[in-house]
Amino acid sequence: MSTSSEDIKAYRERARAWLAENAAEYAEPREVSEEELVRRSKEWIRKKHDAGYSAIAEPVEAGGAGGTPEQAAAFAKEEARYHTPTFTGVSIGFAMAMEVIRRHGTPEQYRRFGTLTHRGDITWCQLFSEPAAGSDLAALRTRAVKAHSESEGDHWIVNGQKVWSSWAHHADWGILIARSDPTVPKHKGLTFFVVDMRSPGIEVRPIRQITGHSDFNETFLTDVVIPDSNRIGAEGEGWACAMTVLATERNQSRGSDNDARHDSVTSLVRKAAATPRGGGTALDSAAVRARLADWYVREQGLKNFAHRLRATTTAGGPPPATIPLMKLVSATLMQETNAFLMDVDEYEGLFSGAGQDRGEVFYQYLWSAAMRIAGGADEVLRNQLAERALGMPGEMRADKGVPFNELPH
Amino acid sequence: MNLILTEEQGLLQDQVRGLLERRASPESLRQLITDQAPWSPELWQDMAELGLLGAAIPEAHGGVGLGLLELCVIAEELGRTVAPVPFFSSVCMAAEAIKLAGSEAQKAQWLPRLASGEAVATLAWAEGSAVPPTAAGAHGRPALTTRIADGRIRGRKWPVPDAAVAELGVVISGGEGGPELSVVDLSAAGVRRTALDGFDQLRHHADIVFDDAPCERLTGASGDAVVRELFDRLAVLEAFEQVGGTESALYMARDYTLQRFIFGRQLASYQAVKHNLADILVMLELARANAMYAAGAIEEERPDRHRAAATARIGATQAYEKAARENLQLHGGIGFTWEANCHFHYRRARLLALNLGSLEVWSDALIDDVAHADAPQAA
Chain U
581 MSTSSEDIKA YRERARAWLA ENAAEYAEPR EVSEEELVRR SKEWIRKKHD AGYSAIAEPV
641 EAGGAGGTPE QAAAFAKEEA RYHTPTFTGV SIGFAMAMEV IRRHGTPEQY RRFGTLTHRG
701 DITWCQLFSE PAAGSDLAAL RTRAVKAHSE SEGDHWIVNG QKVWSSWAHH ADWGILIARS
761 DPTVPKHKGL TFFVVDMRSP GIEVRPIRQI TGHSDFNETF LTDVVIPDSN RIGAEGEGWA
821 CAMTVLATER NQSRGSDNDA RHDSVTSLVR KAAATPRGGG TALDSAAVRA RLADWYVREQ
881 GLKNFAHRLR ATTTAGGPPP ATIPLMKLVS ATLMQETNAF LMDVDEYEGL FSGAGQDRGE
941 VFYQYLWSAA MRIAGGADEV LRNQLAERAL GMPGEMRADK GVPFNELPH
Chain P
106 MNLILTEEQG LLQDQVRGLL ERRASPESLR QLITDQAPWS PELWQDMAEL GLLGAAIPEA
166 HGGVGLGLLE LCVIAEELGR TVAPVPFFSS VCMAAEAIKL AGSEAQKAQW LPRLASGEAV
226 ATLAWAEGSA VPPTAAGAHG RPALTTRIAD GRIRGRKWPV PDAAVAELGV VISGGEGGPE
286 LSVVDLSAAG VRRTALDGFD QLRHHADIVF DDAPCERLTG ASGDAVVREL FDRLAVLEAF
346 EQVGGTESAL YMARDYTLQR FIFGRQLASY QAVKHNLADI LVMLELARAN AMYAAGAIEE
406 ERPDRHRAAA TARIGATQAY EKAARENLQL HGGIGFTWEA NCHFHYRRAR LLALNLGSLE
466 VWSDALIDDV AHADAPQAA
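Residue numbers (my numbering), protein chains in the order written: chain U, 581 to 989; chain P, 106 to 484.
The shape of chain U in the complex, shown without the other chains (with noise of 0.2 Å):
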């Protein structure tokens, strides 16, 4: 189905005007506890549901709106005008779990959750990596073993450890991965399944960071019972359904990324010519701006290299091989650049008190030790621009065409 340009300009005005009426409250950004952004999340995609802006581009039977993509879009511009509640468990509700539902699991699946996630009924969390199972993610041995009964027919009893789940603690159901054959290679031993976090069994706990937060949870599945009717996918069709999920997520932070700041370097170099060192200011010193230089180079490059990536696919070519640096650099610059905002005071640049808080540079340089980390760490990031920009080949494996159970661990 396609829109006219008419169409899409008098759909864009009308939800601009239904805006205007219903997402007033979100006019200027708030903060909220989290209880209260969850709650507050729901409820406006329960509005938008009844209103039709839910979901817009997936049919009515699951939940969404029946439009076009091109109406999904022009909405998305309108509400971005807004600060509306974006609880994460609603966009991986409605980026990756419906994905892989749609494309892997039954029409009935489809339309059942499609109906739950899209009218804001409920949100999700994602149970994937575990402590031995990062960036390797199909090491992972949460096992699922399938079983039969009279009282809940075919069903599968699940027990593991999954870490680094956002807010679950606040999902209604995850998606998660599972060993079910550990006889065959990792990668073809694995099934997909929904589960509802308020299953007996389940056990979120929060891991505290070493910024002293805690933004993810340890989740412990203990003979947590699934119903067969909740497993997308075939058995051992996990590792396609995960492949799924991890490329839609690369997809959303490739759009984060356009909108970060591209300025900081030069708060550095007003921050070094303001730091008396000497006669004069830490700018005189041909180290500092040696280094400050290198930092300038880098940040106006990802600016640029954004700039590029834009101009690419909007003129409908693909998704460059490249990407991958954008987060590989951006990383490595947050770490470093915050450590200088430390450097530049010295001793000192270690403490807070005397006039000046440095509790945001202490969270911002520890944070970057989790960039460099998540979603794609800089040594697998580099083997992806190895392999997929520059051709080359693939790392030697020991693992390959290797029964799980034989694999050392």
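Worth flagging that the hints you see were computed from the coordinates, not collected in a lab. One or more hints might be untrue.
Said to hold, decoys possible - List time: in silico SDA-like cross-link candidates among lysine to any residue, alpha-carbon distance up to 20 Å:
id, chain 1, residue 1, chain 2, residue 2
1, U, Lys768, U, Ala969
2, U, Lys851, P, Gln371
3, P, Lys427, U, Val982
4, U, Lys851, U, His749
5, U, Lys622, U, His749
6, P, Lys427, U, Asp874
7, U, Lys980, P, Arg370
8, U, Lys980, P, Gly369
9, P, Lys427, U, His749
10, U, Lys980, P, Gln371
11, U, Lys851, P, Asp473
12, U, Lys851, P, Ala476
13, P, Lys427, U, Ala969
14, U, Lys851, P, His477
15, P, Lys427, U, Lys851
Claimed, not checked - Computed footprint of chain U on chain P, listed as stretches where at least three residues anywhere in the stretch have a Cβ under 8 Å from a Cβ of chain U:
id, segment
16, 181 to 189
17, 374 to 385
18, 416 to 426
19, 441 to 449
20, 468 to 475
Don't be surprised by glycine CBs; every beta carbon is placed ideally from N, CA and C.
Knowing the structure of chain U, use the given hints to seat chain P on it.
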């Protein structure tokens, strides 16, 4: 601003690349070095016939009337092959200097001859470590001592690129109101050219002594501002040349490591090798993006063009040096031989890192410009 090439610019790129594949093969470069020949007049002639020498010279002055970015496209291809022609000296340095600083009559006098390739020109700006005050980046460096008096020029300029094959020299000298630009007939009495024994064997340089040689001052513009505009342009043009060299060295290394087997597997399959080349790819992509932006910023006369040009130069210099070194490294012992092609880039990367001022000079200029900028510019 458009940061990707247009279809026409892509066609120009293909055309130049095709010509250079035929005319600037590695074998021909080795022959030129053996013969101690300073350039390939045949390639120069071909480039003239395709209109490449006058690409960015206005039609009124015998050129094609295209923009800076088209010149950049050509420079990138020349950089890729280390092409043995005085393109940068004559078409980028001298012609751009005359375009910026010459009067209408002076442009009409010299530009048609440069556009047709009939005359080769160069720019004599350095005096050893002395650099023109292109920016505050020239901190603590000696001032130019070459001077003009009564239509005659006196002083010493070195190193001067392609001076042996150039008929005309645009000379930057010191003056009361800042630097001045003039045109000198390099074959005139009072000009003494001495070849220098240089590191880059494919671009010859000379030491020139002007002993009251006749000169004609460019009267359209002079002073710090025009020299700065000129060096912004040269930095960006050369950044493209460096980007071309970087890409060439990167893929030379990629291709070699793919076909070389070691300990029973492709050299390219080792993670140390993959990560090394991935890092170079990142530097290349960022350098190219910065160079594209800087070319656009100059064309549109944006207020951030000085720092954009410095940004382009620094990124491209770092990328080319790294690519040239690692390319030779990954070739192993073969890379150290005359028959392998690594040495062309290994030497050229050093020349381009210093011939417009070092990283130190440009980093200084960049940081001064950023420190004094009122607000960051949007793309």
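Kindly indicate which numbered hints from before are broken by the structure, ordering the numbers from low to high.
-> When the structure is compared with the hints, numbers 1, 2, 3, 4, 9, 15, 16 and 19 turn out to be violated.
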